[in-house]
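Please build the complete structure, drawing on both the sequences and the hints.
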Amino acid sequence: MVIFETDCPTCQLALPYLNSLKSDFIQVIGLSQDDERSTRDFVTQLKISYPVELDSGLKISRAYDPHNVPTFYVLDENGQVQRTLVGFDKEGLNDLAAALGHPPIAPPNDGAPQWKPGCSSRHLEPERQSSMQESSAKLLRRVGDPATRITLRDEEDPFEYCRRKFGDALPVIPPTAEKVDAMVRTSGLAPETIIARVPPFYGEATVEKIAANAVMAGCAPEMMRVLLPLMRAACDERFNLHGVQATTHFAAPLVMINGPVRQELGFWSKQNVFSNVVRANSSLGRAFQLILLNIGGGRPDGIDMSALGNPGKFSFCIAENEEENPWEPFHVTRGLNREQSAVSLFAAEPPRGVSEHTAPAGKTVLETISFALATVWSYRTCLMPEAIVVLCPEHVKTIHRDGITKEQARQFLFENTGVPLRHYSKEERAEGTQLVANYKEITVRGEKCYQKFRSPEQIHIFVAGGTAGKFSAVIGSWSTGPAGSQMVTYPIPDR
Amino acid sequence: MPVTIVHPGNESVTKAANPPARLASLKGKKIGLLDISKPGGNFFLDRLEEILRSKYGAGDILRTKKPTFSKNAPPQIIEQLRGMDAVVEGLAD
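So the sequence lines, in the order shown, correspond to chains Y and R.
Under the working numbering, read the first sequence as residues 1 to 495, first letter to last.
Under the working numbering, read the second sequence as residues 496 to 588, first letter to last.
Derived from the structure by calculation, the hints contain no laboratory data.
Careful: at least some of the hints might be erroneous.
[Stated by the list, open to error] Which bits of chain R does chain Y cover? Going by a derived footprint, with three or more residues having C-beta under 8 Å, they are:
no. : stretch
1   : 498-508
2   : 553-565
[To be verified] Here are the simulated DSS-like pairs of lysine-lysine, each with C-alpha atoms no more than 30 Å apart in a straight line:
no. : chain 1 : residue 1 : chain 2 : residue 2
3   : Y       : Lys116    : R       : Lys566
4   : R       : Lys510    : Y       : Lys165
5   : Y       : Lys90     : R       : Lys510
6   : Y       : Lys440    : R       : Lys566
7   : R       : Lys561    : R       : Lys525
8   : R       : Lys510    : R       : Lys550
Glycine is no exception: its CB is placed at the ideal position from the N, C-alpha and C atoms.
Structure representation (structure tokens):
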């Protein structure tokens, strides 16, 4: 039995996992603390397949007295509580399944966090006023209002109208009702389904509004398959899009694509990977930026106050050249299966190039890259930044030829990226120098240095680019970790 | 034929809230000082606290701090500040 509230985000996340608890010996029941209408919406929206009852007057909740929702109870045949689990906890859910002799029900890398605390149980809340309930229902509703249809006067040029009203600086394709409908149909979802709420204005990204922006950006209708998980990933609280969109830093979300979807939808991973080569990369990146602007309100001439901005705000989408990558692909390192298509997001600075055409040895190539890595965020700032190393095929070939594994490459970069102590002055205050008490001293090439990164996991390796030219790139991060933006990887559904 | 397009933007209507009445004086008032946790915020707020006490005779002063400047203040922080007569949010860098 699970006791839940319909407007609790943790309940919304947790309850669908019990759908997979299928056995002749286990009965699952949900107990809602809310009214019939919101409970019915909850069950339909989240496709809950087990029986759900209403806890009218919160009588059962008072009897079991959970502090938080969701609370899961394993009851024996006499109704005695054998085990409880509070909040969302993947390991706990799998332990609970195991205790019932059932295989795991919470896969480790489905995009959801490992753990998320719940909300206080309704029976412990003070009486709420009805107006509060209405506004909170609107904040957490899962189905939005239909988008307004705008019929233009004959003399109005639709291209000019849309550029003026809904574009950035570049022209957009008018999102006509027919084109948007075709795009919505490929999603298989109702047009008003809310996929995410986009910061900083928390506008509701419904399927049809996402589709309208996708049409404007020139996406093929099939791109909805990537756009929906992309929007969920972008609005995952770990990514902290609110901060990414409102910061004065350079950060722009870099979209990274892996798996069979690359071939299926024509994503490009080779020469000019950051440039304007194919429709898939360019239009997906642009659609995403238009959504952030039109639905999220992060206008580059308004609330997005980035001091210098980022050329990636036109479009910033790359795919991994898995065919030229001798190691496991990026999404496998992120915990997904090789056959699973995936989208990852990183709050990224623009790429900086690293040329190395002379070094014959793989280690020397990595050493050259480590010098660029030392400069991310600000040269003397250690521990906080993360980085992506985009390795070109020629460089990765040399490194792999020397018998270096991906893990060893990350370890080498971690151990060899340092900022010499002689660059820190005790007298003069400067960025990064005030935090040296927390830094770790290491020796790199015989010289005392502060270690740039916290761990090898802060250095991500992504293989992309053309097979000619020994040019790799280093991409710095925005603020990282739980206080900043954490990289997210979401699966893209199969065709 | 007239062209019909689908509105691609956020259509939710935001209502402006009325600003609370201005304080006629700070004397004896409860003042919240919120540090957003950027480096240097404490210098600014320390000095402000001093001035509020010495020059304006402010009453209780509550100092609080966001866990990180990169995210909205969590509900506990907002709750702490409820009931203050005025709040100053200190941005710094």
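We went through each hint and held it up to the structure:
1. 498-508: Coverage by chain Y holds for the stretch 498-508 of chain R (10 residues, Cβ < 8 Å).
2. 553-565: holds (count 3)
3. Lys116/Y with Lys566/R: Distance of about 17 Å is within 30 Å: holds.
4. Lys510/R with Lys165/Y: Judged against 30 Å, a Cα distance of about 21 Å means the pair holds.
5. Lys90/Y with Lys510/R: violated (40 Å)
6. Lys440/Y with Lys566/R: Within the cut-off at roughly 28 Å; holds.
7. Lys561/R with Lys525/R: holds (19 Å)
8. Lys510/R with Lys550/R: violated (37 Å)
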